[in-house]
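Visitor: One point on numbering: in UniProt numbering, the residue at position 29 of the sequence shown is 29, and numbering is uninterrupted.
FYI, nobody ran anything at the bench for these hints, they're computed from the structure. Some hints here could point you the wrong way.
[Stated by the list, open to error] Pairs of lysine-lysine residues, derived as DSBU-like cross-links and limited to a Cα-Cα distance of at most 30 Å, are as follows:
1. Lys50 with Lys99
2. Lys99 with Lys39
3. Lys24 with Lys89
4. Lys24 with Lys99
5. Lys2 with Lys24
6. Lys89 with Lys75
7. Lys75 with Lys2
8. Lys89 with Lys99
9. Lys24 with Lys39
10. Lys50 with Lys75
11. Lys2 with Lys50
12. Lys24 with Lys50
13. Lys75 with Lys39
14. Lys99 with Lys75
15. Lys24 with Lys75
16. Lys50 with Lys39
17. Lys99 with Lys88
18. Lys88 with Lys75
19. Lys39 with Lys2
20. Lys89 with Lys50
[Stated by the list, open to error] Label-pair ranges, simulated between beta-carbon atoms:
21. Met59 with Phe94: 19 to 27 Å
22. Asn40 with Thr73: 33 to 41 Å
23. Glu21 with Phe94: 19 to 27 Å
24. Tyr37 with Pro102: 41 to 49 Å
25. Leu5 with Ser60: 17 to 25 Å
26. Phe98 with Ser34: 35 to 43 Å
Given the structure is predicted, the values throughout are model-derived calculations rather than measurements. For every residue, glycine included, the Cβ atom is placed at its ideal position computed from N, Cα and C.
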Amino acid sequence: MKDILNEITRLRLERNWSEYELAKNSGLSQSTISTWYRKNQIPTIPTLNKVCHGFGITMSQFFAEGDDAINLTPKQREMLDHWSSLTKKQQELFLELFKTMP
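Please take these sequences and the hints and turn them into a complete structure.
Guide: Shown next as structure tokens:
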């Protein structure tokens with residue numbers, strides 16, 4: 001079983017995000033995230049879903065291990081890192097643009 005707090009930390013550090021940046025991208029308060037670590041608490045499913053959304057991944061991707069884990073190239077990872085910082089409208093516009101490309 002995956003250690004949820006370690007995985008959140010790994011994904012956050014991969015993106016060079018602080019707890020504040022994770023909170024901002026997830027729509028959570030920084031104090032909520034700090035409390036998980038201070039009290040060694042596991043986020044609820046709805047809260048973890050917000051965290052995954054903030055990272056730009058699904059919960060399936062979050063929990064994937066071994067052969068099921070998604071392997072991304074550095075360029076794909078970079079694109080996803082930037083995706084997370086876009087507004088919903090910017091994401092929609094990007095997807096429309098992307099669909100027009102061959």
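Visitor: Sort out whether Lys39 lies within 30 Å of Lys99, counting only the CA atoms.
Guide: violated (45 Å)
Visitor: Looking only at beta-carbon atoms, does the pair Leu5, Ser60 fall within the given range of 17 to 25 Å?
Guide: Because 19 Å falls inside the window, the suggested range holds.
Visitor: So does Glu21 sit 19 to 27 Å from Phe94, Cβ to Cβ?
Guide: holds (20 Å)
Visitor: Are the Cα atoms of Lys24 and Lys75 separated by 30 Å or less?
Guide: Holds - the C-alpha atoms of Lys75 and Lys24 are around 24 Å apart, at most 30 Å.
Visitor: Can the restraint linking Lys24 and Lys99 be considered satisfied, given a maximum Cα separation of 30 Å?
Guide: holds (28 Å)
Visitor: Check whether the Cα positions of Lys2 and Lys50 lie no farther apart than 30 Å.
Guide: holds (18 Å)
Visitor: So if I understand the rule, the pair passes when the alpha-carbon distance is 30 Å or less; does Lys75 with Lys39 pass?
Guide: Roughly 36 Å separates the two Cα atoms, so the pair is violated.
Visitor: Note whether the CB distance of Asn40 and Thr73 lies within 33 to 41 Å or breaks it.
Guide: Since Asn40 and Thr73 have Cβ atoms about 34 Å apart, the given range 33 to 41 Å holds.
Visitor: Checking one constraint from the list: CA of Lys99 to CA of Lys88, max 30 Å. Satisfied?
Guide: holds (17 Å)
Visitor: So does Met59 sit 19 to 27 Å from Phe94, Cβ to Cβ?
Guide: Because 23 Å falls inside the window, the suggested range holds.
Visitor: Taking only the CA atoms, is the gap from Lys24 to Lys39 under or equal to 30 Å?
Guide: Since the Cα atoms of Lys24 and Lys39 sit roughly 21 Å apart, the hinted pair holds (cutoff 30 Å).
Visitor: For the pair supplied as a hint, Lys39 and Lys2, confirm whether the alpha-carbon distance does not exceed 30 Å.
Guide: holds (18 Å)
Checked against the numbered hints given earlier, the structure breaks hints 2, 13 and satisfies all the rest.
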